[in-house]
Amino acid sequence: MPRATTPRPGEGGLALDGAFLQRLEYLNVIAKKIMSGRMRADRKSVRKGVSAEFADHRSYVAGDDIRHVDWHLFGRLEEVFMKLYREEENLHMTLLVDASLSMDRGRVHKLDYALEVAAALAYIGMSNLDAVNVLPFGERLREGRWALKGKAKVFELFEFLREIEPRGETDLAATCKELVGRERRRGVVIVISDFYDLDGFQPALKFLRYPNHDIHVIHVVDQEEREPDLRGDLRLLDSETAAFREINVTDGLLAKYRKAFEELAAGVERFCVKNEIGYVRAPTEVPFDELVLRILRRGGLVG
Amino acid sequence: MSFAAPLAFALGALSLPVIVLYILKVKRRRVRVPYLRLWESLMVETRARSLFKRLKRLYSLLLQLLILGAIVLALTQPAFDLSSVKKESVVVLLDTSASMQAVEADERSRFEVMLERARELVENRSFEDEMMLAAVSDRVQVLCSFNRNTLRLRDALERVEVTHRSLDVDRAYAFAAAVSHGREHPLILFLSDGAGSAVRERIAKDPAAHLVRVGEARDNVGILRFSARKNASLSTDYLLARIKNFGDDVAEGVLLDLSLDGQTLKVRTRDIPPGAEVTERWEFELHEGGVLRLDVEYDDALALDNQAWAVVRPSRLRKVLLVTPSRAHALPFWTAFQSMGEVIHADSLAVTAEEYAALSEAERQADVTICSGALPDDLPAEGNLILMDTELPDFLPARQTGRDEDPTIWDWDREHLLNRYINYRDLDVPAARTIELDAGEALVESFAGALISAFDLSGRMVVYVGFDMTAQLFFFRLAFPMLLRNAIAWFEVEEDLVLEASYAPGDTIQPLRRVAGSSASATYFDDAGEPVDRELEVRGGRFWFSDTENPGTYLFRIAGVNHATAVNLFDAGESNIAPEGALDEDARFEVERGRHLFNRDLWALLAIAGVALWILEWALYHRRITE
Numbered sequence: 000m001p002r003a004t005t006p007r008p009g010e011g012g013l014a015l016d017g018a019f020l021q022r023l024e025y026l027n028v029i030a031k032k033i034m035s036g037r038m039r040a041d042r043k044s045v046r047k048g049v050s051a052e053f054a055d056h057r058s059y060v061a062g063d064d065i066r067h068v069d070w071h072l073f074g075r076l077e078e079v080f081m082k083l084y085r086e087e088e089n090l091h092m093t094l095l096v097d098a099s100l101s102m103d104r105g106r107v108h109k110l111d112y113a114l115e116v117a118a119a120l121a122y123i124g125m126s127n128l129d130a131v132n133v134l135p136f137g138e139r140l141r142e143g144r145w146a147l148k149g150k151a152k153v154f155e156l157f158e159f160l161r162e163i164e165p166r167g168e169t170d171l172a173a174t175c176k177e178l179v180g181r182e183r184r185r186g187v188v189i190v191i192s193d194f195y196d197l198d199g200f201q202p203a204l205k206f207l208r209y210p211n212h213d214i215h216v217i218h219v220v221d222q223e224e225r226e227p228d229l230r231g232d233l234r235l236l237d238s239e240t241a242a243f244r245e246i247n248v249t250d251g252l253l254a255k256y257r258k259a260f261e262e263l264a265a266g267v268e269r270f271c272v273k274n275e276i277g278y279v280r281a282p283t284e285v286p287f288d289e290l291v292l293r294i295l296r297r298g299g300l301v302g
Numbered sequence: 000m001s002f003a004a005p006l007a008f009a010l011g012a013l014s015l016p017v018i019v020l021y022i023l024k025v026k027r028r029r030v031r032v033p034y035l036r037l038w039e040s041l042m043v044e045t046r047a048r049s050l051f052k053r054l055k056r057l058y059s060l061l062l063q064l065l066i067l068g069a070i071v072l073a074l075t076q077p078a079f080d081l082s083s084v085k086k087e088s089v090v091v092l093l094d095t096s097a098s099m100q101a102v103e104a105d106e107r108s109r110f111e112v113m114l115e116r117a118r119e120l121v122e123n124r125s126f127e128d129e130m131m132l133a134a135v136s137d138r139v140q141v142l143c144s145f146n147r148n149t150l151r152l153r154d155a156l157e158r159v160e161v162t163h164r165s166l167d168v169d170r171a172y173a174f175a176a177a178v179s180h181g182r183e184h185p186l187i188l189f190l191s192d193g194a195g196s197a198v199r200e201r202i203a204k205d206p207a208a209h210l211v212r213v214g215e216a217r218d219n220v221g222i223l224r225f226s227a228r229k230n231a232s233l234s235t236d237y238l239l240a241r242i243k244n245f246g247d248d249v250a251e252g253v254l255l256d257l258s259l260d261g262q263t264l265k266v267r268t269r270d271i272p273p274g275a276e277v278t279e280r281w282e283f284e285l286h287e288g289g290v291l292r293l294d295v296e297y298d299d300a301l302a303l304d305n306q307a308w309a310v311v312r313p314s315r316l317r318k319v320l321l322v323t324p325s326r327a328h329a330l331p332f333w334t335a336f337q338s339m340g341e342v343i344h345a346d347s348l349a350v351t352a353e354e355y356a357a358l359s360e361a362e363r364q365a366d367v368t369i370c371s372g373a374l375p376d377d378l379p380a381e382g383n384l385i386l387m388d389t390e391l392p393d394f395l396p397a398r399q400t401g402r403d404e405d406p407t408i409w410d411w412d413r414e415h416l417l418n419r420y421i422n423y424r425d426l427d428v429p430a431a432r433t434i435e436l437d438a439g440e441a442l443v444e445s446f447a448g449a450l451i452s453a454f455d456l457s458g459r460m461v462v463y464v465g466f467d468m469t470a471q472l473f474f475f476r477l478a479f480p481m482l483l484r485n486a487i488a489w490f491e492v493e494e495d496l497v498l499e500a501s502y503a504p505g506d507t508i509q510p511l512r513r514v515a516g517s518s519a520s521a522t523y524f525d526d527a528g529e530p531v532d533r534e535l536e537v538r539g540g541r542f543w544f545s546d547t548e549n550p551g552t553y554l555f556r557i558a559g560v561n562h563a564t565a566v567n568l569f570d571a572g573e574s575n576i577a578p579e580g581a582l583d584e585d586a587r588f589e590v591e592r593g594r595h596l597f598n599r600d601l602w603a604l605l606a607i608a609g610v611a612l613w614i615l616e617w618a619l620y621h622r623r624i625t626e
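One line per chain: the protein sequences are X and G, in this order. Going by numbering that gives the first Met the number 0, the residue at position 231 of the first sequence is 230; the numbering climbs one at a time, nothing skipped. Going by numbering that gives the first Met the number 0, the residue at position 598 of the second sequence is 597; the numbering climbs one at a time, nothing skipped.
Since the hints were made in silico from the structure, they are not lab data. Check before you lean on any hint, since a few could be wrong.
[Claimed, not checked] Simulated restraints on C-beta separations:
{"no.": "1", "chain 1": "G", "residue 1": "L57", "chain 2": "X", "residue 2": "L197", "range": "34 to 44 Å"}
{"no.": "2", "chain 1": "X", "residue 1": "L197", "chain 2": "G", "residue 2": "V610", "range": "45 to 55 Å"}
{"no.": "3", "chain 1": "X", "residue 1": "V28", "chain 2": "G", "residue 2": "S40", "range": "41 to 51 Å"}
{"no.": "4", "chain 1": "G", "residue 1": "S40", "chain 2": "X", "residue 2": "A146", "range": "37 to 47 Å"}
[Unchecked claim] Listed below are several chain X residues computed to face chain G (Cβ distance under 8 Å; list not exhaustive):
{"no.": "5", "residue": "S101"}
{"no.": "6", "residue": "R104"}
{"no.": "7", "residue": "Y195"}
{"no.": "8", "residue": "E224"}
{"no.": "9", "residue": "L235"}
{"no.": "10", "residue": "L236"}
{"no.": "11", "residue": "S238"}
{"no.": "12", "residue": "A242"}
{"no.": "13", "residue": "R244"}
{"no.": "14", "residue": "E245"}
{"no.": "15", "residue": "I246"}
{"no.": "16", "residue": "L252"}
{"no.": "17", "residue": "Y256"}
{"no.": "18", "residue": "A259"}
{"no.": "19", "residue": "F260"}
[To be verified] Sample of chain G residues at the chain X side, in silico, Cβ under 8 Å:
{"no.": "20", "residue": "R27"}
{"no.": "21", "residue": "R28"}
{"no.": "22", "residue": "V30"}
{"no.": "23", "residue": "P33"}
{"no.": "24", "residue": "L37"}
{"no.": "25", "residue": "W38"}
{"no.": "26", "residue": "L41"}
Where is the CB? At the ideal position from N, CA and C, for every residue including glycine.
Could you build the full structure based on these sequences and the hints that come with them?
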């Protein structure tokens, strides 16, 4: 598959080096400031387990730890009930990164940008000892990194991100279906994509809602898509499907295109708002760290 | 229709690459987009107009092919030919001589009128004609060699300039005949007024040569000669001017204004009958020298010949060293020197031979050393000599043949400057030394040999008198001062006359004799009247200066001494501006040329069509893009 017209920075990959790591650390510090007052285990797990906070009762079954028998209730009702406590758990963050061929474009390479954002969010999560899944996808879920936790894993993460190459078409629905099947724990799911899957993105996001995931969307858009520099008689080739159309691009047509693109982006946003999905539009000309800070300040995503 | 360069049709093959290039241009640029469906939703409307756009592309290709066709046709130089035109090789000679500066009744110069005629010839020539343009005066300058390119011919006409020179018809015609020789259908067109040069007569025998006569004005009064002559013998300066009325009417009130270095010396008014020539003479004592200018103030058609310049050399006092055997012998000479104060320098010396021996080298330096009766062994190395009744020195190319005790003068050179105003007839010459000359000139001869001789020893002038002139005091008192004056005049001519008194415009000025030094300088006035200084390289005692187009004075500084000369027209042929022959004779040629009026070549029209098509194509393409 031919590479993008816009070359990726560096030697065909990301510049995930020491400087990048410094920027992530800075982001992490800022993130902690933003999230000050909120400590680990603030998030209450839906799973019941052992902790200081009572949650519910259930009947005793053989093998239960008798230390958790509610003796006060036994005294009143003469029936053995077990005290259930709300289990404190770490956040499970899943970063779904669109690595299809449509991301292999842009004046700022969209896939690289998406991976930088994913790296930043993952680093912040891993620093908080959250379990972070980084999963690239195209037509389906590709091999990813699961349950990365702690800063020590950051180099493994970078190595993995460097190896991600754009390929295939986007099938967000199949991807999300597969994710729901593999990750049953509730958590935060962040989808980073250009959402050039008009038919598939809506059912896909709905799929993610079934396990009560906290869903967020980062919609990557590049200036080349918003304001394409095209004129004259052209043969347009679809970067994912290799389909083509011959077209005469005029000023009028460009104006129509810009309008259509804006409607497409607005449609994704409308859907997200309507379904209580966090939506952030990510123009690639905005530096990734600035975008991450913007996301953090809006809250509800990490920390 | 005919084509002058049909081979250019081969360039029509360029249509193939044009089509290929056009297809390449139409071939769409391939652009990869992230999401084609977004574009597809917009294409419904554009499809509706695609047929029209395809047609527009066809128009564009068609127009490009038409542009190519127009260019190819232009290069073939097609023309509508309404007659059986034969290919001619036309040599157009443009008279740029001084008479072409004459102003016609419509205030245009004759030269401008001629240029207009030349342009007509260029524009109306047959497309097959090759044409050469040459400017002719006393020289021939090719402006444009044989070609059919109208632009080049036009450009050549823009570059031609009128000169102050004379017209050399023979040279011009010889050139035209030479370049036309061997060419098919040669035609020589001489655009000239033919003034005073008998152009028609010169070219009459050649049926291929025609005079295209220009100019009508005839009224002109011109200076034909203006010169100053210094008479060192009499210490006077003679000025002479000849002025002629070339017009058909009496020139009344012609004012002659003579000035020296800008100061008016004399003003005269003359009425000059038609065709008459008047000679004016003036006599002045202009010891200081200067530049004389004569202005003829008369409203005529040619102003160029209304001024003339002449240079008067300043008089120079000569230091004389007289060597005699005794003081008594020097007395008659000394008496003669008393009356020659305007010639003889006050520092002149009269010494005896013994006293001469005691003189230092500096004291011996004199313009003229006169030895009478005594010849010192160590004559000065420089300066001119007058030897009278002395031994013949070794350096003279002559031999003493004997002594004629009773010489009889049988002839003398009456034309020689040294003998001016002296009559040797019936002179009772005392005993004389007679010599036989190997070189030099015998000025006075007896039957026995030369009595008085003159020698030019390349830089040193020697007058040898074989007898004692003081022997007959009456003759001496009359003849010696004149001989000395004549000798000084002769020395002066040979010493000081480095340049001619006047040159014609365009002449090359070179010194008449070898000059000292390795460089010289010239000061003259350019076309704008601004003074110009130029360094000249002197090689082997010679230099060459040819920027003499403009009449006026030219000052040369040679070996630290100023030498002036003048450039004047002084050409009756050019001043006689009356055009030659009747115009009717030329009409025949004009009618003949008229047949080419419709033979205009069409390349220019085709080129314009090509440009128009290109603009149309551009507009269409542009519209297609921006719509």
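request  = With chain G as the partner, please determine if L236(X) meets the hint condition of a C-beta pair closer than 8 Å.
outcome  = At about 5 Å, which falls below the 8 Å cut-off, the nearest Cβ of chain G leaves the hint on L236(X) intact, so it holds.
message = Given R28(G) as an interface hint, is its Cβ closer than 8 Å to any Cβ of chain X?
response = 5 Å, holds
request  = Closer than 8 Å between Cβ atoms is the bar; does Y256(X) clear it against chain G? Give me holds or violated.
outcome  = Where the cut-off is 8 Å and the nearest Cβ of chain G is about 6 Å from Y256(X), the hint holds.
ask   = Does L252(X) meet its interface restraint, that is, does its C-beta lie within less than 8 Å of any C-beta in chain G?
value = 6 Å, holds
inquiry  = Using the nearest Cβ pair, does L37(G) come within less than 8 Å of chain X?
reply    = The hint holds - L37(G) has a Cβ within 8 Å of chain X, the shortest such distance being about 6 Å.
key: Restraint outcome when L41(G) is required to lie within 8 Å of chain X by C-beta distance   = Interface hint status for L41(G): holds (5 Å vs cutoff 8 Å).
ask   = Close enough to count: is the Cβ of F260(X) nearer than 8 Å to one in chain G?
value = 6 Å, holds
ask   = With a cut-off of 8 Å, does the beta carbon of S101(X) approach a beta carbon of chain G closely enough for the hint to hold?
value = This hint holds: S101(X) lies near chain G, its Cβ roughly 4 Å from the closest one there, short of 8 Å.
message = Given R27(G) as an interface hint, is its Cβ closer than 8 Å to any Cβ of chain X?
response = 4 Å, holds
message = For the restraint on A242(X), tell me whether the closest CB of chain G is nearer than 8 Å.
response = 6 Å, holds
key: Range hint compliance [Cβ, L57(G) to L197(X), 34 to 44 Å]   = Given range 34 to 44 Å: holds, Cβ gap about 38 Å.
ask   = When the nearest CB of chain G is found for A259(X), is that gap smaller than 8 Å?
value = 6 Å, holds
Violated hints: none; the structure is consistent with every hint.
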